[in-house]
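*Asks:* Please model the complete structure; the sequences and the hints are all you need to start from.
Residue numbers (my numbering), protein chains in the order written: chain B, 1 to 425; chain V, 1 to 245.
Calculated from the structure, these hints are not laboratory results. Just so you know, these numbers come straight off a predicted model, no measurement behind them. Built from N, CA and C at the ideal position, the CB exists for glycine as well. One thing to keep in mind: the hints can contain errors.
[Stated by the list, open to error] Pairwise CB distance ranges (calculated): (1) B:Lys-362 to V:Ser-200: 27 to 35 Å; (2) B:Gly-26 to V:Leu-145: 42 to 50 Å; (3) B:Asp-394 to V:Glu-201: 19 to 27 Å; (4) V:Asn-224 to B:Met-384: 21 to 29 Å; (5) B:Val-24 to V:Arg-11: 27 to 35 Å; (6) B:Gln-168 to V:Asn-224: 38 to 46 Å; (7) V:Ser-200 to B:Thr-347: 47 to 55 Å; (8) B:Phe-48 to V:Glu-63: 27 to 35 Å; (9) V:Glu-201 to B:Gly-301: 27 to 35 Å; (10) B:Leu-319 to V:Asn-188: 47 to 55 Å; (11) V:Cys-155 to B:Lys-148: 24 to 32 Å; (12) V:Ala-105 to B:Gln-168: 42 to 50 Å.
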Amino acid sequence: MSKYDEMWTGLGIDLEAHDSLLRVLGSAYKDIYLKQENRPKGMEYFDFVVSELHGLRVKELMDARANGRKVIGTFCVFVPEELIIAVNAIAVGLCAGADIASDAAEEYVPRNTCALIKSAFGFKLAKVCPYIEATDMIVGENTCDGKKKAFEEYKDIVDNLYVMDLPQMKSEVGKYLLKAEYKRFARTLEELTGNKITVEGLKRGVKMVNDKRKAMHRLASLRAAAIVPISGLDSLLANQVFFYDDPERFIASVNAICDELEVRIEKGEGVFPKNTPRIIVSGCPMAVPNWKLPHIIETSGAVIVGEEMCTGERGTQHLVDEACETIEDYFDAIADRYFKIDCAVFTPNDDRLNHVKQMVDKYKADGVIHYGLQFCQPYAHEAMTMEKILEGSDIPVLSVETDYSQEDLGQLKTRIEAFVERLQD
Amino acid sequence: MIHAGIDIGSRTIKLVVMEDGIIKISKKTENTFNTIENCKELLQDIKYDSITATGYGRHLFNEYFGSNVISEIKAFTKGTNYLFPNSRTILDIGGQDTKAISMDAKGRIKKFEMNDKCAAGTGRFLEIMAMALRFSLQEFGDRALEASESEKINCMCTVFAESEVISQLARGADRKAVAKGIIQSVVNRSITQLKKVGISEDLVFVGGVAFNNGVVRLIEESLNTTLCIPEDPQIVGAIGAALEY
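*Replies:* Structural data, given as structure tokens:
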């Protein structure tokens with residue numbers, strides 16, 4: 001019995017399946033996170049967040065709804081949280097990081113669909129995600145073909161889906177489309193919430209989300225230290241929680257960790273010994289509780305110093321210009337910022353490769369591990385280019401393709417250990 | 001000092017004992033359902049100052065016996081360098097995985113490729129195909145080389161390929177030609193992996209599948225080269241492990 005049983009039942013959660021999910025999640029967190037050594041004390045906040053993953057935060061959302069606020073579920077870093085905050089609504093990233101009910105999901109999407117998409121269906125079909133159930137609107141988006149087509153089916157299993165179109169080329173027309181889609185989204189938000197988009201609202205939204213990003217930028221830059229003060233796993237967790245925590249509390253918690261890390265760096269304290277091979281992980285997003293690859297990397301003698309992923313710098317880099325006076329200015333500034341996201345659905349997409357190179361320099365990385373979800377075509381293509389180009393400039397690359405299952409752990413571990421040995425040679 | 005290396009593969013466990021850089025003992029046993037027992041038997045009466053484990057059972061071995069641990073890729077690189085100091089590229093086809101490794105002049109790993117999480121193109125794949133054709137493993141390679149034609153195999157999934165082979169036979173295809181087609185498919189796959197890491201000579205072929213004449217000959221023909229093959233291609237990983245202490 002949990003104190004949240006009543007809330008979960010009210011949301012239509014299958015309590016039995018949900019309990020077993022929480023048990024698995026709890027033991028995975030214990031094995032992967034709590035067994036790490038020398039963790040910053042500030043991570044206790046995130047331990048608490050995870051322990052209350054489907055509890056306290058969902059209750060906060062339900063309380064906010066009782067007070068008339070709306071909750072918007074999202075799946076993608078292209079959904080502008082600024083607009084959601086501007087209408088006094090709350091954005092939450094939805095669950096898509098675990099292998100749940102894939103058999104049921106395969107009744108809606110083809111077998112060779114990536115684990116992330118299947119998971120979004122699985123969580124809904126198995127009735128184990130209180131976030132999905134607590135939303136007033138779910139935003140889908142036309143990124144890759146897999147997601148684009150999957151949302152055609154997703155609308156049959158949820159009754160509040162809104163789909164946003166996205167450009168595929170970084171052209172003037174592309175940017176025009178993005179801005180137009182953000183305006184259409186803003187109108188929908190206005191209708192849903194009954195609140196108008198105003199300059200004051202946008203100012204608040206832009207500042208809040210920028211502050212979230214700035215906190216993450218600060219955390220990221222501290223990882224450039226010779227003795228890395230925080231593990232990649234812990235940093236990834238902060239990047240994951242970025243999507244659903246209360247923004248103000250999140251900003252304060254990340255900044256508190258950064259204060260602590262600065263002291264650690266001063267004292268020369270860290271999570272791994274000096275000269276531990278340093279890795280940049282680049283590729284598909286890792287949604288909670290997908291900690292598989294970073295766990296293998298950091299238990300194979302290497303440390304992750306940066307994530308070029310949606311749950312990482314791809315999601316948090318670039319700020320929205322805050323020097324705006326009119327609503328139109330704000331829409332331009334927001335579209336400008338989001339248009340820079342270098343997701344692999346864009347063609348061409350040289351920015352992403354350049355960003356990885358910059359990250360290798362900035363965080364003094366010894367190598368890059370490219371992470372592709374099986375059946376994710378855009379990232380599989382870019383993995384090939386990235387490997388050729390980076391290896392050509394003497395940056396070692398290991399490209400792995402995997403999913404949420406555990407059956408390839410042994411093979412992944414062998415490859416990653418060998419890659420780390422290569423970096424040490 | 002006596003250094004032992006043990007390579008715990010999916011099908012076979014290999015042990016090599018070296019003293020002052022010379023191989024003194026080399027032993028093998030089949031890996032059954034109880035790896036630890038198999039290792040104990042293999043290590044009976046063996047004396048050593050240090051032992052290093054590699055292969056997919058390396059961490060299990062370390063937990064039980066306490067040893068150094070290195071990846072198969074490093075072990076094969078070291079072992080190959082010991083046997084063939086001029087080698088630059090390694091192809092290893094073992095029971096459940098295939099690896100291609102390129103090295104620099106100092107014998108350091110430059111790049112490596114491994115097959116994904118399935119048995120396609122591995123020793124186990126060949127075993128299953130030989131069984132489907134009612135050939136012994138030895139016959140399988142030899143008969144394949146007698147065929148003038150080869151039947152193309154499209155499926156690389158072991159399970160699907162087996163049904164494809166059965167339907168080819170049902171169609172009246174020549175058994176030798178089917179065998180040649182299977183081997184050619186493994187060879188093509190291996191060459192793709194080799195090309196990804198870059199092929200430079202000497203090219204060394206190791207792992208249990210290097211015992212198969214058919215695979216060896218077809219690789220040599222496809223690449224128009226001569227492969228270096230150790231006397232016992234199965235123990236290269238264990239040699240490499242014994243060298244890492």
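*Asks:* Broken hints, numbered, in rising order?
*Replies:* 2 and 7
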